[in-house]
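Number of protein chains: 2
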Amino acid sequence: MIDRLCIIGTGLIGGSLARALRAAGYCREIVGSGRSAQHLQQALQLGVIDRYDTDPAQAVAGADMVLVAVPLGAMEPVFAAIRGHLGTDTVLTDAGSAKASVVAAARTAFGEVPKWFVPGHPIAGTEQSGVGASFADLYRGRCVILTPLPGTDPQASARVRAMWEAAGAQVVEMGVAHHDEVLAATSHLPHILAFTLVESLARLQDKQEIFDYAAGGFRDFTRIASSDPVMWRDICLANADAVQDMIERFVGDLLALDHAVAARDGERLLDIFSRAKAARDAFGDGLQAGESDE
Amino acid sequence: MIDRLCIIGTGLIGGSLARALRAAGYCREIVGSGRSAQHLQQALQLGVIDRYDTDPAQAVAGADMVLVAVPLGAMEPVFAAIRGHLGTDTVLTDAGSAKASVVAAARTAFGEVPKWFVPGHPIAGTEQSGVGASFADLYRGRCVILTPLPGTDPQASARVRAMWEAAGAQVVEMGVAHHDEVLAATSHLPHILAFTLVESLARLQDKQEIFDYAAGGFRDFTRIASSDPVMWRDICLANADAVQDMIERFVGDLLALDHAVAARDGERLLDIFSRAKAARDAFGDGLQAGESDE
Numbered sequence: 004m005i006d007r008l009c010i011i012g013t014g015l016i017g018g019s020l021a022r023a024l025r026a027a028g029y030c031r032e033i034v035g036s037g038r039s040a041q042h043l044q045q046a047l048q049l050g051v052i053d054r055y056d057t058d059p060a061q062a063v064a065g066a067d068m069v070l071v072a073v074p075l076g077a078m079e080p081v082f083a084a085i086r087g088h089l090g091t092d093t094v095l096t097d098a099g100s101a102k103a104s105v106v107a108a109a110r111t112a113f114g115e116v117p118k119w120f121v122p123g124h125p126i127a128g129t130e131q132s133g134v135g136a137s138f139a140d141l142y143r144g145r146c147v148i149l150t151p152l153p154g155t156d157p158q159a160s161a162r163v164r165a166m167w168e169a170a171g172a173q174v175v176e177m178g179v180a181h182h183d184e185v186l187a188a189t190s191h192l193p194h195i196l197a198f199t200l201v202e203s204l205a206r207l208q209d210k211q212e213i214f215d216y217a218a219g220g221f222r223d224f225t226r227i228a229s230s231d232p233v234m235w236r237d238i239c240l241a242n243a244d245a246v247q248d249m250i251e252r253f254v255g256d257l258l259a260l261d262h263a264v265a266a267r268d269g270e271r272l273l274d275i276f277s278r279a280k281a282a283r284d285a286f287g288d289g290l291q292a293g294e295s296d297e
Numbered sequence: 004m005i006d007r008l009c010i011i012g013t014g015l016i017g018g019s020l021a022r023a024l025r026a027a028g029y030c031r032e033i034v035g036s037g038r039s040a041q042h043l044q045q046a047l048q049l050g051v052i053d054r055y056d057t058d059p060a061q062a063v064a065g066a067d068m069v070l071v072a073v074p075l076g077a078m079e080p081v082f083a084a085i086r087g088h089l090g091t092d093t094v095l096t097d098a099g100s101a102k103a104s105v106v107a108a109a110r111t112a113f114g115e116v117p118k119w120f121v122p123g124h125p126i127a128g129t130e131q132s133g134v135g136a137s138f139a140d141l142y143r144g145r146c147v148i149l150t151p152l153p154g155t156d157p158q159a160s161a162r163v164r165a166m167w168e169a170a171g172a173q174v175v176e177m178g179v180a181h182h183d184e185v186l187a188a189t190s191h192l193p194h195i196l197a198f199t200l201v202e203s204l205a206r207l208q209d210k211q212e213i214f215d216y217a218a219g220g221f222r223d224f225t226r227i228a229s230s231d232p233v234m235w236r237d238i239c240l241a242n243a244d245a246v247q248d249m250i251e252r253f254v255g256d257l258l259a260l261d262h263a264v265a266a267r268d269g270e271r272l273l274d275i276f277s278r279a280k281a282a283r284d285a286f287g288d289g290l291q292a293g294e295s296d297e
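Residue numbers (the numbering used here), protein chains in the order written: chain A, 4 to 297; chain B, 4 to 297.
Bear in mind the hints are in silico, worked out from the structure with no lab data behind them.
Be aware that a few hints might be false.
Pairs count within a copy or across copies, as identical chains cannot be separated in the list.
The calculated SDA-like cross-link candidates involving lysine to any residue, where the alpha carbons are at most 20 Å apart (straight line), are [claimed, not checked]:
#: 1; residue 1: K210; residue 2: R110
#: 2; residue 1: K210; residue 2: R54
#: 3; residue 1: K280; residue 2: D209
#: 4; residue 1: K210; residue 2: R278
#: 5; residue 1: K210; residue 2: Q44
#: 6; residue 1: K118; residue 2: M177
#: 7; residue 1: K210; residue 2: K280
#: 8; residue 1: K118; residue 2: R278
#: 9; residue 1: K280; residue 2: D215
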């Protein structure tokens with residue numbers, strides 16, 4: 004149980020956790036914070052939070068759990084703002100889509116990475132943004148990755164784990180660097196491909212016609228290109244090395260396919276497509292469509 | 004109205020047209036043909052066709068409309084097999100995803116492109132294959148592109164148009180080369196990206212883990228990688244020039260983004276992502292998910 008939860012950044016991610024924990028009766032009070040009083044007012048009106056303070060230092064007062072769910076580029080200023088305002092028993096966690104950069108931000112803001120800071124990342128989301136898109140079941144059956152450091156207090160990790168489990172999520176732990184590599188492959192690269200494809204086609208001369216004749220496959224394939232540009236800029240900057248590795252690996256594979264097309268090498272093409280289909284079919288289609296990893 | 008429709012290739016595309024025309028009462032009799040007696044037997048048992056003949060030359064006898072819905076690589080042998088067996092009033096059309104190669108196949112098989120041949124392409128499908136996946140509403144509200152040549156008999160085009168409209172589709176006409184360029188952008192490139200991504204990730208060391216932590220966005224993004232590898236090999240070979248153009252254009256755009264990541268150029272990244280999101284949001288999400296263009 005959490006007595007007072009402070010959520011800095013009450014958008015889709017923070018708002019959905021608030022709704023889930025409220026539905027589970029896991030929190031006595033939820034305090035919101037963020038830069039926009041208008042957004043916080045909306046969260047209040049939706050019943051997602053009980054009250055808010057635009058000053059993070061004030062908002063965290065008396066909280067036993069603080070979640071920072073802001074774009075990666077805003078992590079360090081938020082950490083700096085709450086430094087010295089957390090209670091001795093307060094646990095701090097975040098929901099950033101890349102972990103090394105958040106750990107670095109914590110190190111910079113706090114002087115060292117605090118033992119009561121548990122880096123975390125819920126693998127859930129949609130291409131929507133904002134508290135208006137939040138819903139209590141966002142994390143049900145979804146995976147949350149925690150990346151505690153060697154110095155992280157196990158009790159702090161346990162409290163963060165319990166919170167996400169109360170929201171219906173399955174919690175796993177892995178190393179910071181490994182998280183960033185896995186997510187670069189499964190989430191960051193696909194989003195970059197979708198953004199690039201849509202932008203690439205939008206610059207074609209027959210733009211309107213191109214989109215007129217695009218069918219359902221294209222629609223599914225590019226849905227994630229509707230995701231928040233600021234968030235994705237920050238992810239690319241925060242996880243730049245792993246993202247570059249994946250882009251360059253992908254370009255190599257795509258050019259190999261291009262060469263097979265140029266050589267009219269049907270055997271090679273069939274080989275690539277068959278292996279891809281087998282892997283994708285094995286991956287399955289269990290969860291509902293329209294979700295997006297972040 | 005069609006008296007006797009012959010469908011060579013009674014899979015998802017041919018089977019769905021048969022179901023739609025039957026539901027609309029637009030056909031007196033539907034004759035199936037194809038290489039596999041087992042598949043044709045299944046189509047018969049499902050009530051998709053009235054009878055079948057594995058010999059296309061026999062199957063087309065007395066038909067007033069013939070649809071060839073086989074992979075692009077099988078078009079020319081099918082055309083050659085039915086040459087001389089079509090009635091004087093028979094109209095021939097196809098459902099190939101690239102048109103220049105089908106026109107070339109017709110030219111080779113018939114000596115010249117017959118005036119009663121109307122190249123066509125229904126922009127519909129799913130990542131499934133086979134008559135078992137066919138359904139009567141596949142073409143409802145979807146677009147069918149016809150690419151008649153200057154020498155094509157307008158009455159033949161009109162009869163093919165009427166057939167697809169009876170199945171619920173909207174029919175448009177465009178030039179062969181233009182069709183192939185538009186489809187390379189909206190369908191062929193996205194499928195190639197999805198196949199390449201899945202195959203690329205499947206070769207990573209942490210393959211199982213990679214797929215474990217992939218979420219809904221990845222699922223949507225890669226669904227089309229479950230499409231038929233033979234069909235897609237044939238599309239790449241049949242529309243090789245336009246496909247190569249699109250791949251190389253895309254690689255250029257992706258490497259430009261890679262350079263922006265390397266340079267930590269947040270402004271440029273935000274610019275790309277914002278334009279992509281605007282284009283994708285304008286494109287909308289009207290049709291149901293799970294469909295795939297072919």
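For each hint, the structure was consulted:
| no. | hint | in the structure |
| --- | --- | --- |
| 1 | K210 <-> R110 | neither (47 Å within a copy, 32 Å between copies) |
| 2 | K210 <-> R54 | neither (46 Å within a copy, 44 Å between copies) |
| 3 | K280 <-> D209 | between (31 Å within a copy, 18 Å between copies) |
| 4 | K210 <-> R278 | between (33 Å within a copy, 13 Å between copies) |
| 5 | K210 <-> Q44 | neither (40 Å within a copy, 44 Å between copies) |
| 6 | K118 <-> M177 | within (17 Å within a copy, 65 Å between copies) |
| 7 | K210 <-> K280 | between (30 Å within a copy, 15 Å between copies) |
| 8 | K118 <-> R278 | neither (45 Å within a copy, 41 Å between copies) |
| 9 | K280 <-> D215 | between (27 Å within a copy, 17 Å between copies) |
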